[in-house]
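Chain residues, written in single-letter form:
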Amino acid sequence: GAGVSQSPRYKVAKRGQDVALRCDPISGHVSLFWYQQALGQGPEFLTYFQNEAQLDKSGLPSDRFFAERPEGSVSTLKIQRTQQEDSAVYLCASSLGENTEAFFGQGTRLTVV
Amino acid sequence: AQSVTQLGSHVSVSEGALVLLRCNYSSSVPPYLFWYVQYPNQGLQLLLKYTSAATLVKGINGFEAEFKKSETSFHLTKPSAHMSDAAEYFCAVSVDSGGSNYKLTFGKGTLLTVNP
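Sequences listed follow chains D and A, in order.
Every letter in the first sequence is one number past the one before it in the numbering used here, and letter 25, counting from 1, is 25.
If you count the second sequence from 1, you need to add 1000 to reach the numbering used here.
Hints in this document: simulated from the structure, not taken from any laboratory.
BS3-like cross-link-like pairs, simulated, lysine-lysine; straight-line CA separation at most 30 Å: (1) A/K1108 to A/K1068; (2) D/K57 to A/K1049; (3) A/K1103 to A/K1049; (4) D/K11 to A/K1108; (5) D/K78 to A/K1108; (6) A/K1108 to D/K57; (7) A/K1069 to A/K1103.
The calculated label-pair distances, taken between Cβ atoms and stated as ranges, are: (8) D/R64 to A/T1077: 39 to 45 Å; (9) D/R81 to A/S1070: 44 to 50 Å; (10) D/R64 to A/P1030: 33 to 39 Å; (11) D/G3 to A/L1018: 30 to 36 Å; (12) D/D63 to A/T1055: 40 to 46 Å.
What the simulated footprint calls covered on chain A by chain D, stretch by stretch (three residues with Cβ under 8 Å from a Cβ of chain D suffice, anywhere in the stretch; the number is not a length): (13) 1041-1053; (14) 1102-1116.
On a predicted model such as this, the values are computed, not experimentally measured, just so you know.
Glycine is no exception: its CB is placed at the ideal position from the N, C-alpha and C atoms.
Please work from the sequences and hints to get the whole structure.
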């Protein structure tokens, strides 16, 4: 596709429910990033993939958060047993390499009720 | 660890007026600095970046920013605001760590409104 595509755009989850957020990066982009943007805040780094390898997961806030990119293209961010504090916009970005411009998707807005 | 402070969560200007959005950074090593723009319900778009070349960086849509090491600043300016510039602007920093500089640390953002 022309840009980074994220789905769903909006997700409402009941507290305790598991959710899965999908990211389709730009074709051929090796690097993929996930960021969390809480209301009124700047994005915060969650995790980084180079192809299928998760090289940095230092930003994942708890063991309820899990990300994967099994074939080096599409990535899924999974949140187990969602809590209200997980409510945020989750942004995915991809780039040709780790030191090149990152292109961001529109994000998935997660609301936990 | 590096950090970014954006002074002013909301800036309002008149159409045609100068735009000045402030950003100060903290980093123990030479930083890479970025400005991103976010329109409602859209992803972040890179406006410009500083990567240790020229200190005055020109970006898209007529924006520019100047890296001032002595002031640890990277303020964003545009001589004449357009209505279409209304958006949220984020300053971000990354540093070189073992040859990699992929991790962006963002400020909290500045919402720019442009009045007719």
